[in-house]
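S.K.: Mind docking chain B on chain A? Use the hints.
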Amino acid sequence: DSGVTQTPKHLITATGQRVTLRCSPRSGDLSVYWYQQSLDQGLQFLIQYYNGEERAKGNILERFSAQQFPDLHSELNLSSLELGDSALYFCASSANPGQIIYEQYFGPGTRLTVT
Amino acid sequence: DAKTTQPNSMESNEEEPVHLPCNHSTISGTDYIHWYRQLPSQGPEYVIHGLTSNVNNRMASLAIAEDRKSSTLILHRATLRDAAVYYCILNNNAGNMLTFGGGTRLMVKP
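Just so you know, the sequences run in chain order A and B. In terms of my numbering, the first sequence opens at residue 1 and continues consecutively. In terms of my numbering, the second sequence opens at residue 1 and continues consecutively.
One or more of the hints may lead you astray.
[Claimed, not checked] Derived SDA-like pairs: lysine to any residue, alpha-carbon spacing no greater than 20 Å straight-line:
| no. | chain 1 | residue 1 | chain 2 | residue 2 |
| --- | --- | --- | --- | --- |
| 1 | A | Lys57 | A | Gln44 |
| 2 | A | Lys57 | B | His76 |
| 3 | B | Lys3 | A | Asn59 |
| 4 | A | Lys9 | B | Gln42 |
| 5 | B | Lys109 | B | Arg81 |
| 6 | B | Lys3 | A | Lys9 |
| 7 | B | Lys3 | A | Gln41 |
| 8 | B | Lys3 | A | Gly42 |
| 9 | A | Lys57 | B | Gln42 |
[Said to hold, decoys possible] One side of the interface only, derived from the structure: several residues of chain B facing chain A at Cβ under 7 Å:
| no. | residue |
| --- | --- |
| 10 | Gly43 |
| 11 | Pro44 |
| 12 | Tyr46 |
| 13 | Met97 |
| 14 | Phe100 |
[As the list claims (entries may be wrong)] Which chain A residues stay away from chain B? Per the calculated CB distances, all over 12 Å, these:
| no. | residue |
| --- | --- |
| 15 | Ala14 |
| 16 | Arg22 |
| 17 | Gly52 |
Worth flagging that the hints you see were computed from the coordinates, not collected in a lab. If you're wondering where the values come from, they're calculated on a predicted model, not measured in any experiment. We put the CB at the ideal spot given by N, CA and C, even for glycine.
Extracted from the complex, chain A is given alone in its bound form:
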């Protein structure tokens, strides 16, 4: 158990809809990362938040957005869903005070199926 929790575990929705994925980081971790894992693209970094502020952006579509709340939990919002958005979405957390490399701890993922 990594200490990172993600809800829901599974999500099935229709094209055009909007969903919200939730992540609670390990206790004390200030950084949250979102990754997408699909069969054709592998594991891809989407976005990072550090203590409530956006820190880095990867291959995140404009239809997707995220935020980190004062209690450090994070939400990834996916809108106007397309079939190609079907994937596993992982959240990870790390201490990351800025200048030192810290390992990331990954949650169990949310499996999104768009029909």
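M.R.: Quick look at chain B alone, frame taken from chain A:
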């Protein structure tokens, strides 16, 4: 980002050592070498990381070549639970996001 090259798959027998290679010929001086693994139906899991010197922890050892252009993850006694995809990743101080490649799928035979 500097790239890494790993074999697509490797096989090992249970209770034998496993050496998983990774080539990173364009590594820069500030790149750390990280290894993560992903067990079936789970999120990736941190294994080990290093910069220049060899590193050991309870999970594995990391041997880094003197010129840092390659590294090897060593599992001292493979168990069935070690069957996973192993990712070798370069990461520097500029950002902490991880760039995953294809990884090596390790199969462990009883």
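S.K.: Please go over all the hints and tell whether each is borne out by the structure.
M.R.: Now the hints, each set against the structure:
Pair hint Lys57 (chain A) plus Gln44 (chain A) holds up; C-alpha atoms about 11 Å apart against a cutoff of 20 Å. Restraint check for Lys57 (chain A) and His76 (chain B): not satisfied, since their Cα atoms lie roughly 37 Å apart, outside the 20 Å limit. At roughly 17 Å between alpha-carbon atoms, Lys3 (chain B) and Asn59 (chain A) fall within 20 Å of each other, so this suggested pair holds. Only pairs whose Cα atoms come within 20 Å are accepted, and Lys9 (chain A) paired with Gln42 (chain B) is accepted, the gap being roughly 12 Å.
With a C-alpha separation of about 11 Å, the suggested pairing of Lys109 (chain B) with Arg81 (chain B) holds against the 20 Å cut-off. Taken as a hint, the Lys3 (chain B) and Lys9 (chain A) pair is broken in the structure, with Cα atoms around 32 Å apart against an allowance of 20 Å. Restraint check: the Cα-Cα separation between Lys3 (chain B) and Gln41 (chain A) comes to about 16 Å, which is no more than 20 Å; the hinted pair holds. Between Lys3 (chain B) and Gly42 (chain A) the CA atoms are separated by roughly 15 Å; this keeps the pair inside 20 Å, and the hint holds.
Straight-line distance between C-alpha atoms of Lys57 (chain A) and Gln42 (chain B) comes to about 24 Å, which puts the hinted pair past the 20 Å bound. Satisfaction of the interface hint for Gly43 (chain B) is found here, the shortest Cβ-Cβ separation to chain A being roughly 3 Å, below the 7 Å cut-off. Interface hint status for Pro44 (chain B): upheld, as the beta-carbon distance to the closest one in chain A is roughly 5 Å, under 7 Å. The restraint placing Tyr46 (chain B) at the interface with chain A holds, with a minimum CB-CB distance near 4 Å, inside the 7 Å limit.
Here the hint on Met97 (chain B) is kept, as its CB sits about 4 Å from the closest CB of chain A, short of 7 Å. Interface restraint check for Phe100 (chain B): the shortest CB-CB distance to chain A comes to about 4 Å, inside 7 Å, so the restraint holds. Against the 12 Å criterion, Ala14 (chain A) stays outside the reach of chain B, whose nearest CB is about 25 Å from its own CB. The beta carbon of Arg22 (chain A) sits about 15 Å from the closest Cβ of chain B, which is more than 12 Å, so the claim that it is off the interface holds.
With a closest Cβ-Cβ approach of about 16 Å to chain B, Gly52 (chain A) is found to remain outside the 12 Å limit, as its non-interface label requires.
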